[in-house]
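The listed protein sequences derive, respectively, from chains A and B. Using this note's numbering, read the first sequence as starting at 1 and increasing by one per residue. Using this note's numbering, read the second sequence as starting at 1 and increasing by one per residue.
Among the hints, erroneous ones may be present.
[Stated by the list, open to error] List of simulated lysine-lysine pairs, PhoX-like, C-alpha gap at most 25 Å:
#	chain 1	residue 1	chain 2	residue 2
1	A	Lys44	B	Lys44
2	B	Lys44	A	Lys150
3	A	Lys115	A	Lys206
Just so you know, these hints were derived from the structure itself, not from any lab.
Number of protein chains: 2
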Amino acid sequence: MANLKDLGEFGLINRLSRKFKHQASDTVLPLGDDCAVYSANASKNQLVSTDALVENIHFNLSTISPEQLGQKAIAVNLSDIAAMGGTPTRVLITLGISNKISTSFLDQLYKGVHKICTIHNVELFGGDTVSSPNSFFINITVIGETKRGKLFTRKGAKKGDLIFTTGTLGDSSLGLKIQSLKKWKCSSNSRKHLLEKHLNPIPRLKESQLLIRSTCKITSMIDISDGLAQDLQHICKQSGVGALIYEEKLPKSPAFTKVCSDNNLKPLPLILNGGEDYELLFTLPSDGVKNLYRQFEKAEALVTHIGEITASSNKVSLLKKNGKREILPQSSGFNHF
Amino acid sequence: MANLKDLGEFGLINRLSRKFKHQASDTVLPLGDDCAVYSANASKNQLVSTDALVENIHFNLSTISPEQLGQKAIAVNLSDIAAMGGTPTRVLITLGISNKISTSFLDQLYKGVHKICTIHNVELFGGDTVSSPNSFFINITVIGETKRGKLFTRKGAKKGDLIFTTGTLGDSSLGLKIQSLKKWKCSSNSRKHLLEKHLNPIPRLKESQLLIRSTCKITSMIDISDGLAQDLQHICKQSGVGALIYEEKLPKSPAFTKVCSDNNLKPLPLILNGGEDYELLFTLPSDGVKNLYRQFEKAEALVTHIGEITASSNKVSLLKKNGKREILPQSSGFNHF
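Same shape as in the complex, but just chain A (with noise of 0.2 Å):
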């Protein structure tokens, strides 16, 4: 029998769900994108997604305030709301709490989860609170809603389509990084961005809407959680393409930038296997670029064009700088086992 290492993530989704047949008739899409879809009634789509966060697994008490960790919790899930064109309404928290915390520490989280609630007008719907006996986690069962016929899938990129990703990449895993050790040649500003990047991720829900409100045609999204490369293999699996990516378009902030040449660390492994961009990577055609571009710079907002869809099925290649192609390596999800 297979071990969870050899399956990964994704093959362990696949082999724990592929008995389950059952679909309700009012279900839209069901698991397997960033949110599972139903409809209630004939105007609105429910989006429901969750998420889990586990101690010295995603994060380390040393290295986030809990205030941080409350507010990164909720943002992880919205963006996942944010990733189907969905605007979030609610959100159900499980706390399994530790010996070692205390009450000021569950205060200070949910402060951190009521700020970014009250931002987004979300509404704590429910929860619950157990023991853990040795780590802390918290489970985030998020629900959101669209308006029926406007969501965005993983399905659906075309050959030719272009690329393009909100923000910028690799700031959050270089954040990580310099967090963890401290001879880092890092002015404190961009120690600051960087950090707080990593720390305190904002879920791309303006963006989102700008997008879906938009008349620009798009064909796929998802947010990038897993790294670029990975989550751009999603949309190509799921739309049966391939995609090419340019090494040089790879939307870098200037703190990234400086701090990886001041400190000879290669960009590119972060930018595209790092994660927790938590920014939203879609695909439209060539066509609407005009109208989208407008629309970005309008609403002040970071839109970049990293590439095309093509025909080579599954297959994500990246064009570098010195003009060589690579294929980028399969992923089977975060192997965390």
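Assemble chain B onto chain A, guided by the hints.
Just chain B, lined up with the frame of chain A:
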């Protein structure tokens, strides 16, 4: 600052959620009942609830099989839907996987999940798989629905209403007890019955549907997960009433009675505080009782009149067999901190 032990589970939940004022316009019932409820459309309510089970807190892998655990994790969540008169439609499952967990363990766990989901027509609608350093955990979010205007809540019991419970009480906690000790006088049939009630609780969806479709005017309902005393206190608190229950009326299975008597065990603490019965506890005016009995008889389901609602706010009293009355202590929640 209060510590977690002093606060208890309910105190903690109140403390953490009190600042959250935002309610979406379509919220029917905010957090604080077995499920929170919103109205996605004019004809249906959406019910949502979440519950986690943690290794060595809620279960011990040496005494429950992975298949039983999968089934039970879903069952206790479906019980929350039953408590509101709902029909479960979907579940999302988060697995916190420790390194001693194997692929075959997870296959068996999902065999149990699949079994109960198939029985109740529930769709697997998403989830997350994460690594958990020490203890295995499973978090379930369940979604269900009721017709608008058809909803049982903890609030609404009135002085003079009669109190009923489905099934028999105490079996599950006695099952837990006999599982952990070997020197019990207990026939194999009794053992089987009690273990089955502990390891494989049946969510009372059939009884709940019977009640929601009947003309009986159910004034309040809850499922007994933390023990009769505590869950009745929830009804009393939310309804602003008190309750009197009769020791001699509390429904016991023959196996429970025999094993308690053969082993010199007091049945009352198991019935009042044992928990995990997952029976329905509900109230209705006395003029609906004949109708209630007729319907339960027809459905071959057990229902027992165990007491009545009184005016003495928040106080749950027990009329003992010796004629004495005793006020049951208030609980601050299952205190696992």
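Do the hints match the structure? See the list:
Of the supplied pair hints, the one linking Lys44 of chain A and Lys44 of chain B holds, its CA atoms being roughly 13 Å apart against a limit of 25 Å. Of the pairs offered as hints, the one joining Lys44 of chain B and Lys150 of chain A holds, with about 22 Å between alpha carbons and a cut-off of 25 Å not exceeded. Of the supplied pair hints, the one linking Lys115 of chain A and Lys206 of chain A holds, its CA atoms being roughly 17 Å apart against a limit of 25 Å.
In this structure, every one of the numbered hints holds.
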